[in-house]
Amino acid sequence: MTSAGQFHRIPVSERREITCRVDGKPISVFEGDTVLTAVLTFRRDLREFEFSSDLRSGFCLMGACQDCWVRKSNGERIRACSTLVADGQEIVTQHGGKTDG
Amino acid sequence: MVEARIVIIGAGPAGMKAALSLVEAGHRPVVIDEAQRSGGQVYRRPSPAAERSPRALYGFEAARAQRLHQGFDAIADFIDYYPETLIWNAEGRTLDLLYNGQNQRIAWSHLILATGAMDRIIPVSGWTLPGAYTLGAAQIALKAQAVGIGQSVVFFGTGPLLYLVAYQYAKAGITVKAVLDVSAFRQSVVALPQLLTGGRTFAKGLFFLAWLRARRIPVLRGITPVEIVAGTDQAVAGITIRTAGGKLRHFDCSGVGFGYGLRSETQIADLLELEFAFEHNHRQWLPVSDDNGRASTCGVYLAGDGAGILGADAAELTGRRAALVLRFDLGETELAAEIDTLSARLNAMRPFRHALDHVAFAFPERLARNVPDDVIICRCEGLRAANIRQMARDTEEIDLNRIKAFTRLGMGRCQGRVCVAAATAVLAGAATDMSSTGRYRCQAPVKPVPLRAFLGGCDEQV
Ligand code: FES
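As given, the protein sequences belong to chains A and B, one line each in that order.
Each step along the first sequence adds one to the number in my numbering, with nothing skipped, and position 35 is 35.
Adding 101 to a residue's 1-based position in the second sequence gives its number in my numbering.
Simulated from the structure, these hints should not be mistaken for laboratory data.
Cβ atoms here follow ideal geometry from the backbone N, Cα and C, with glycine treated the same way.
Nothing false has been slipped in among the hints.
Derived Cβ-Cβ restraints for the label pairs, each shown as a range:
no.	chain 1	residue 1	chain 2	residue 2	range
1	A	G24	B	G172	44 to 52 Å
2	A	E17	B	R542	43 to 51 Å
3	B	L293	A	E17	49 to 57 Å
4	B	A378	A	K25	47 to 55 Å
5	B	A126	A	K25	48 to 56 Å
6	B	C399	A	E17	48 to 56 Å
7	B	S148	A	S53	30 to 38 Å
8	A	D23	B	G160	35 to 43 Å
9	A	E90	B	P294	54 to 62 Å
10	B	Q335	A	P26	23 to 31 Å
11	A	D23	B	D353	28 to 36 Å
12	A	E90	B	Q205	23 to 31 Å
Between the sequences and the hints, there should be enough to build the whole structure, so can you do that?
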């Protein structure tokens, strides 16, 4: 596991490894990871803030702050902290929240 | 429209216990919860693919958690359980839910609100950086995802959760650089007589503190946070604080978790147009209830931390009480004695809770009122303290709802959940009465709902 991520895994017993893609880049994660965990074990930022170039990585992890919305490749928006990552899933974080209605 | 039902909102300790106590009497409640699995925040369960032992997940609370989970799992066939379901509107005696991507409407005859709580936040410079999380988030990361919010972390703020989370992280092998408490040691001394009535809870608190100290993890009291510092990657690289003695100190770390106690989640109560009152003890507007948890609207009952913070053990009691009072109202008058006993037990817990949350770890009012001008208050909209103060000056208003209309404060996606405590304090400024800023009102949808749920195909948010 790279140490470049924000989140740091603690050793736990065997879990099934799955693969997803973040902005086209394949990453290997674990079944049961949220989308947020998947992204943040590889890098420190989840998305760019809508109104500036600031970076954001979620805040509450309990579905309250709404600071962790990204997209699936079909454009559907998902709340990263409360959505489990699926095998083969494509996640798009670039301009993740720019078209907020 | 289907027939009206008994509905429980929330599947934490209060909601689970309420469900058990209703099923016991042959009722079939609907249980609606946002999480994938029951347990609430405190007894949160990881997804089945990431299951771990109760001991690893809940520590001292393992037996309690296990009992609750097993009880709730055992009634699965006797309730209608909607996990991963968002209630985004409540009108009259109906609820609008988003379940499985579809909008659904449920009519209720009786409603138990067990909506829980989240961390109370005071913004500090750098709090929106990647790597800065609530204490609750830090705990969820560890419990539900088996990750730490950083490789080396600092926890700050105040409250029992501060020490619990620090202990849990250090125990999991993550480097805890420091535990920084804004509350001064003397506050605990003042609160001591009442704290001693806390029994098990108090003993655990002392244990965590001793454990951290024994591992030479710096625990500083009476500090003032100054800045969460960014590195070249625009993410957390450390934190600077002022010690009780007035010296600046810096700690390097890659993650920070912070919070100042908990705040009840009341948005659904608000949509239901329940009567609210400003509770100075809890420092927030809360739905009012009679001595046994009946809300102002007939058929609505309040339970758990959503009705005022009393902690997980009390949440089980208020959950059971809500169910019993509901059953009493349906004619089981023989429950009166048990209801009285429960209420008496709850009242006996209040002095300890008060000493803990409002004396030993009191919300640092001054810190909140004096958030520096350049600090972001509303992370959804990027509004700074200066924007809010300026608007208050220009309009001579300190009413939250008016300020909201002028500045978009709290109009972002979180609907003020994160910022309202701090915004209230900033607006109150020098005013002595916190309730003078009025009660922040929320609107449906309380959380973003994809239009697709109504229209099919389209996915913009309303
Ligand atoms: S991190 Fe707050 S809603 Fe996802």
